[in-house]
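A.B. asks: Protein chains in written order, with my numbering: chain A, 152 to 540; chain B, 152 to 540; chain C, 152 to 540; chain D, 152 to 540.
Everything labelled a hint here was simulated from the structure, so no lab data went into it. Given the structure is predicted, the values throughout are model-derived calculations rather than measurements. All C-beta atoms in this analysis are idealised placements derived from N, C-alpha and C, irrespective of residue type, glycine included. A couple of the hints might just be wrong.
As the list claims (entries may be wrong) - What follows is a set of in silico ranges between Cβ atoms, one per label pair, in the way DEER data are often shown: (1) B/Glu505 x C/Ser372: 44 to 54 Å; (2) A/Pro345 x D/Leu234: 51 to 61 Å; (3) B/Gln536 x A/Gln536: 21 to 31 Å; (4) C/Glu193 x A/Glu308: 54 to 64 Å; (5) B/Gly386 x A/Gln536: 28 to 38 Å; (6) D/Thr458 x C/Glu193: 48 to 58 Å; (7) A/Val506 x D/Glu505: 40 to 50 Å; (8) A/Glu332 x B/Ser372: 25 to 35 Å; (9) C/Gly447 x D/Gly538: 34 to 44 Å.
What the hints assert, rightly or not - Below, a list of computed lysine-lysine pairs in the DSS-like style, where the Cα atoms sit at most 30 Å apart: (10) C/Lys229 x C/Lys205; (11) D/Lys235 x D/Lys286; (12) A/Lys279 x A/Lys500; (13) A/Lys235 x D/Lys235; (14) B/Lys452 x B/Lys440; (15) C/Lys428 x A/Lys428; (16) B/Lys440 x D/Lys428; (17) B/Lys452 x C/Lys452; (18) C/Lys452 x D/Lys452; (19) C/Lys500 x C/Lys279; (20) A/Lys229 x A/Lys279; (21) A/Lys440 x C/Lys452; (22) A/Lys500 x A/Lys229; (23) C/Lys440 x A/Lys452; (24) D/Lys452 x A/Lys452.
Unchecked claim - Residues on chain D that point at chain C, a partial pick, calculated with CB under 7 Å: (25) Arg319; (26) Thr331; (27) Arg404; (28) Pro414; (29) Gly415; (30) Gly430; (31) Ala444; (32) Phe446.
If you want the building blocks of each chain, they are given just below.
4 protein chains.
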Amino acid sequence: MTIEHKTGNGAGRVRLGMVGGGRDAFIGAVHRIASRIDDKYELVAGCFSSTPEKSRLSGADLGLAPDRVYGSFDEMAKREARLKNGIEAVAVVTPNHMHYLAARPFLQRGIHVICDKPLTSTLADARKLAALVEKSGALFILTHNYTGYPMIRQAREMVTSGELGNIRLIQVEYAQDWLTEATGQKQAGWRTDPARSGAGGSIGDIGTHAINLAGFVTGLSLEALSADLHTFVEGRQLDDNAHVLLRYSGGARGMLWSSQVAPGNENALRLRVYGSKGGLEWEQEEPNKLWYAPFGEPKQKLTRANTGVGEAANRVSRIPAGHPEGYLEGFANIYSEAAAAIRAVQAGKEIPPEVRFPTVRDGLDGMAFIDASVRSSSRNGAWVQVGHK
Amino acid sequence: MTIEHKTGNGAGRVRLGMVGGGRDAFIGAVHRIASRIDDKYELVAGCFSSTPEKSRLSGADLGLAPDRVYGSFDEMAKREARLKNGIEAVAVVTPNHMHYLAARPFLQRGIHVICDKPLTSTLADARKLAALVEKSGALFILTHNYTGYPMIRQAREMVTSGELGNIRLIQVEYAQDWLTEATGQKQAGWRTDPARSGAGGSIGDIGTHAINLAGFVTGLSLEALSADLHTFVEGRQLDDNAHVLLRYSGGARGMLWSSQVAPGNENALRLRVYGSKGGLEWEQEEPNKLWYAPFGEPKQKLTRANTGVGEAANRVSRIPAGHPEGYLEGFANIYSEAAAAIRAVQAGKEIPPEVRFPTVRDGLDGMAFIDASVRSSSRNGAWVQVGHK
Amino acid sequence: MTIEHKTGNGAGRVRLGMVGGGRDAFIGAVHRIASRIDDKYELVAGCFSSTPEKSRLSGADLGLAPDRVYGSFDEMAKREARLKNGIEAVAVVTPNHMHYLAARPFLQRGIHVICDKPLTSTLADARKLAALVEKSGALFILTHNYTGYPMIRQAREMVTSGELGNIRLIQVEYAQDWLTEATGQKQAGWRTDPARSGAGGSIGDIGTHAINLAGFVTGLSLEALSADLHTFVEGRQLDDNAHVLLRYSGGARGMLWSSQVAPGNENALRLRVYGSKGGLEWEQEEPNKLWYAPFGEPKQKLTRANTGVGEAANRVSRIPAGHPEGYLEGFANIYSEAAAAIRAVQAGKEIPPEVRFPTVRDGLDGMAFIDASVRSSSRNGAWVQVGHK
Amino acid sequence: MTIEHKTGNGAGRVRLGMVGGGRDAFIGAVHRIASRIDDKYELVAGCFSSTPEKSRLSGADLGLAPDRVYGSFDEMAKREARLKNGIEAVAVVTPNHMHYLAARPFLQRGIHVICDKPLTSTLADARKLAALVEKSGALFILTHNYTGYPMIRQAREMVTSGELGNIRLIQVEYAQDWLTEATGQKQAGWRTDPARSGAGGSIGDIGTHAINLAGFVTGLSLEALSADLHTFVEGRQLDDNAHVLLRYSGGARGMLWSSQVAPGNENALRLRVYGSKGGLEWEQEEPNKLWYAPFGEPKQKLTRANTGVGEAANRVSRIPAGHPEGYLEGFANIYSEAAAAIRAVQAGKEIPPEVRFPTVRDGLDGMAFIDASVRSSSRNGAWVQVGHK
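Isolated chain A, as found in the complex:
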């Protein structure tokens, strides 16, 4: 087990900026903590709100130099690109509809982007963003943070090495209950607003995490789906529940359930994968465990940093078995992978193959998934192909 994840800072901390994430924002704070855990970043600039005064106050809260706090991301990109010690990467943590616009000026200047999910609010924006990334040569890291959990790395490694045989079944779900009733909560505001969130409600906000996780672990491509999206709470404009049947390349089939109206579910992302030789089961709320059932043998409880767990998981673990790592450490792993990639790129080297993070491609897949789900559901669950090419 690696004690202190990736000790040593190579060329020093990555100078990081942030767009969005001002006072009261949830995910901005998560990104900041994640960036600090392994000491690979230093937050030095930000445009925390489109209201300059709010941005200024948030920057002060965070101890930033006043001249590195901006009222617009365009201005920020422009100035930071010219500074001698300007930011090397920017975290984009705005609502979805701003991701493309906020990322653009940085990408255009070759500044690496770490962006929250889903990629954008429309498939059209997603395509433009993907094209821009390709052109820019900058890295684009999408924070599908659940792929950072060590036991998810372990699951992927086991599938890849054939321990499960041919994958047949993928049962994935992501259930929450915070939208069971109409609510005036700030987070609920934009996440249920098509203008800011996009065409998907639960399917976009959490269904994309679920489908991404399934793809990450199994390495399979989703080929077609049949979706039944529904809104249970009156007056809500986007789905708050989604039932989706899945067909994967290679013949695997699956089910995806996303819901924000399932009382008693907090953040219940759960993945089960079954193959011809064995099964795996994992739940996000107890992330240090992975159940492994080799067919015909007793079920095993694999635990982070303990025996039976391989290098893919161990390299993103920090502390010994039984000392639970959580959501923030999983998120930090994405940040640390990003830092490793940034340093490699800056040094003109290949990104080491073990360094893994979701990219703009994963983001496009997610947007195509939302798009296909909405189309299928509007055609009463007809099977539709999923593809963005």
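Put chains B, C and D on the given structure of chain A with help from the hints.
C.D. replies: Then chains B, C and D, alone, in the frame of chain A:
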């Protein structure tokens, strides 16, 4: 809590016969144990196999008088109906395709039938059987035994009394792994043979249990479904996995997953029901617990025979909380309910409203569910109405 | 897996009588159900209460012939011993202080005794009873029912076969909460009364189960203990909580906790055994699971009737994995073992070595344990030897 | 729920130094991560090893200025105290026997000390250290990190507010398995060496965490104990297992088990507290849950940041329910509390009452606990008073 379930035998034990269930049969032995637990039955006759010699040996194993052991069920029905102390009820525990034929001669003579599920192997047989039951005036009890679990009774009572508000979501699944590979096992023989099992594989054998349980707890009617049945093991003739989307009367939606190829799953029947005011979660493998999540309050662990559990559950409990009751006790509850109904009918009384058991109607619903699933799947998951009327 | 436990009744059902266990008694009903499950017994006589009228009513409830229902156990023993088809065995289910007196007349007539635990209310009575058993030649089965659970048999087999290496640690506990407050409940009446229960409160009622289970699984002898018994509820005469340190033959050490005042604990008997090569963990409330941790390998979840479980467990299992067996089935296993032993003895054969049940020796061990605990506690936890020889 | 714990850095980050914690050390890395999570500290100096070259390399790994990396802690204290921007606090993360010597020069210069546990290797050192702290006026924070978990704060709040009634029982245990066999591991080296670790093996290394946690949650003082310490692995000099009976002020009783030879246990710290009105159960490996059993009501699962959880827990939570926080976040809470206290003291203000952290007093209690355990065990478990005054 009731200590010893339904003490007192009223008019004495019900004289029971059995068709099927000879040596090596699994479910026949289960029925016999279930009939004994509460001392409401005495097994006095049987036709345990279509091979007379085998039937004779099984009868001897069970200590029956030789003249009450038969080589054909027709002969058994004929003679038992004429005996002064002939059987009052018969348990039909043959493979599915024989249910109708085996039950018929008994029903025609007014002998009550307790029959294993699914009802028959074809919807046509099911309809004939239902008509015959109606005409006979005899009781027909279908052993969807999972409805006998106390905490399932509790769940039903909570839904009925409105504690969950309007039901929105039903997530039900029944996963096993015993057919992960091709197997020569006796049970697998008939259960994967369309001639004996019917058009449904996993969807018939276990999917019907799942859909019945969902209907029992919520009281809702399944209106339409979209199914994706699949056979993963080469050479198998029936589905070994089924993914089904559900639409219920009143607007609830759901998902059903049945599988016999999910390694690590033993008998994993799991029901989750979510309404506008709360959620319930139950797993068959830990049947004495029911999770109750009133929206906005901490989740509660309700346990059999403990505080917070009502009369509907308590009347089918035998022993104190923490002393686990299991599968056989749940099954016995169906038998004891049947005995209560038989005694009521014999006395010319109404069956008390709290006495609950699945009937031929439930059996028809199950056959209609299989039929609809097969039809939908053959049409690539088109939504089809579910109805047997 | 054995389907239907021990099919075949050999020389027919054992004719059983019962002393105690009238209306409202908890454990009498449990014994009756346990005797029926495997169809090895027929209840034909009883003295259900010391009040003849109550005894008569209970006998009628149970469908017994009126002339086989008695008002005194002496009369019952006398008459049954003379009947051609008199009882072959008697179940003694009275409060503890009557065990010796009730068992005596039957033992004196060579009638086998199945007796609830603890053995008696005093060590003196226990010794007399043991002497009487020896003299009588009859079998004496003590219903430490938890030793009947299949996964407990599995645990014993694993320890015996050396899979755990040298046993070092035994952590056993039995916690309940039903005596958290003073209560007028009938069960509480005699169980907290030294005259009827003996010198031990929780230590006698449940502590003896715990220590018996530890000994059954490990095969080790308890040599010495240091106890801290305490009564938390004012006015109660017996301990409602016990903390005991244990030293076993061979150098193993342990802890035992019994409590009836631990809110949230229903019937929480839990055994953990650790050796130089591995550990085992088991909880009574989920009895079909046994956790096995071979040192240096992933923890395994062994489940009843599934792979990885051996013959000692399988021979006392009835139904497939995932179909939970519970408390009553575990209890029934003791009854079925007793029946096998009775039939062997009657046939002049050795009791087969795989047939296991607690005897009067175990009962003496239990009484010695209570006695030692009370002595140690009265001497402020001084270490005392445990021995009844 | 507070999003981003304690946003705003007041007078900027606390300048932190570290003694110990060089390459390969486990706990040093933990302290560093914990100090970064909430952005309240900046590591600016260190003496990471008593070998100057090793210290230098570790400092370089961590990106420290070379002139702030020292080869002796005396030199470090001297120089840092004179620097204009010298450290304000130092983390002492050496083996136990060096805690006193390492902390001394900093305390003598008024530099606040954050020190790993147990306090020292001898009770004599502990007393000297306590006296020194008192004299210095500097803060001394002992990282009994488990008191930082939000649900432990919740438990304490519930006990304090009387929800459990009078506390009767404390069952606490801390089991590991990493010393099941003799091992050459670096951590095992000093932790099983009396010269560096002190007189307690498991009782010192993990037993002190357990007893501290019990005291923190219940607020009760341990008055007396009876201990049975044992060494199972041949050649080991310190106990690897401890069984302890506990008596608390106010009449509560308890049991403590610490073990490093219990296969299958990773870091299994578990606390159960029972009072006259209810019970609480918590396990470190799933720290976001707290089981609450109000007597006579269903058991509740309280979860971090969700309904039913109060301000004491919420103020040390960062992210929403269902997003697991872990060991590092709990540890970070101690660091953040320390920072709040440091800033208050520097400003001449009272430390706010809600700010909680273990102090040198807790450290003395822990040393007295080790001392009493060793004394009791050497007198064959005689009850001894626990007190350091």
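A.B. asks: All hints are to be evaluated individually against the structure, with a verdict given for each.
C.D. replies: Now the hints, each set against the structure:
{"no.": "1", "hint": "B/Glu505 x C/Ser372: 44 to 54 Å", "verdict": "52 Å, holds"}
{"no.": "2", "hint": "A/Pro345 x D/Leu234: 51 to 61 Å", "verdict": "57 Å, holds"}
{"no.": "3", "hint": "B/Gln536 x A/Gln536: 21 to 31 Å", "verdict": "27 Å, holds"}
{"no.": "4", "hint": "C/Glu193 x A/Glu308: 54 to 64 Å", "verdict": "60 Å, holds"}
{"no.": "5", "hint": "B/Gly386 x A/Gln536: 28 to 38 Å", "verdict": "30 Å, holds"}
{"no.": "6", "hint": "D/Thr458 x C/Glu193: 48 to 58 Å", "verdict": "55 Å, holds"}
{"no.": "7", "hint": "A/Val506 x D/Glu505: 40 to 50 Å", "verdict": "42 Å, holds"}
{"no.": "8", "hint": "A/Glu332 x B/Ser372: 25 to 35 Å", "verdict": "26 Å, holds"}
{"no.": "9", "hint": "C/Gly447 x D/Gly538: 34 to 44 Å", "verdict": "42 Å, holds"}
{"no.": "10", "hint": "C/Lys229 x C/Lys205", "verdict": "20 Å, holds"}
{"no.": "11", "hint": "D/Lys235 x D/Lys286", "verdict": "24 Å, holds"}
{"no.": "12", "hint": "A/Lys279 x A/Lys500", "verdict": "27 Å, holds"}
{"no.": "13", "hint": "A/Lys235 x D/Lys235", "verdict": "28 Å, holds"}
{"no.": "14", "hint": "B/Lys452 x B/Lys440", "verdict": "7 Å, holds"}
{"no.": "15", "hint": "C/Lys428 x A/Lys428", "verdict": "29 Å, holds"}
{"no.": "16", "hint": "B/Lys440 x D/Lys428", "verdict": "23 Å, holds"}
{"no.": "17", "hint": "B/Lys452 x C/Lys452", "verdict": "23 Å, holds"}
{"no.": "18", "hint": "C/Lys452 x D/Lys452", "verdict": "24 Å, holds"}
{"no.": "19", "hint": "C/Lys500 x C/Lys279", "verdict": "27 Å, holds"}
{"no.": "20", "hint": "A/Lys229 x A/Lys279", "verdict": "21 Å, holds"}
{"no.": "21", "hint": "A/Lys440 x C/Lys452", "verdict": "13 Å, holds"}
{"no.": "22", "hint": "A/Lys500 x A/Lys229", "verdict": "27 Å, holds"}
{"no.": "23", "hint": "C/Lys440 x A/Lys452", "verdict": "13 Å, holds"}
{"no.": "24", "hint": "D/Lys452 x A/Lys452", "verdict": "23 Å, holds"}
{"no.": "25", "hint": "Arg319", "verdict": "5 Å, holds"}
{"no.": "26", "hint": "Thr331", "verdict": "5 Å, holds"}
{"no.": "27", "hint": "Arg404", "verdict": "6 Å, holds"}
{"no.": "28", "hint": "Pro414", "verdict": "4 Å, holds"}
{"no.": "29", "hint": "Gly415", "verdict": "3 Å, holds"}
{"no.": "30", "hint": "Gly430", "verdict": "4 Å, holds"}
{"no.": "31", "hint": "Ala444", "verdict": "3 Å, holds"}
{"no.": "32", "hint": "Phe446", "verdict": "4 Å, holds"}
Checked against the numbered hints given earlier, this structure breaks none of them.
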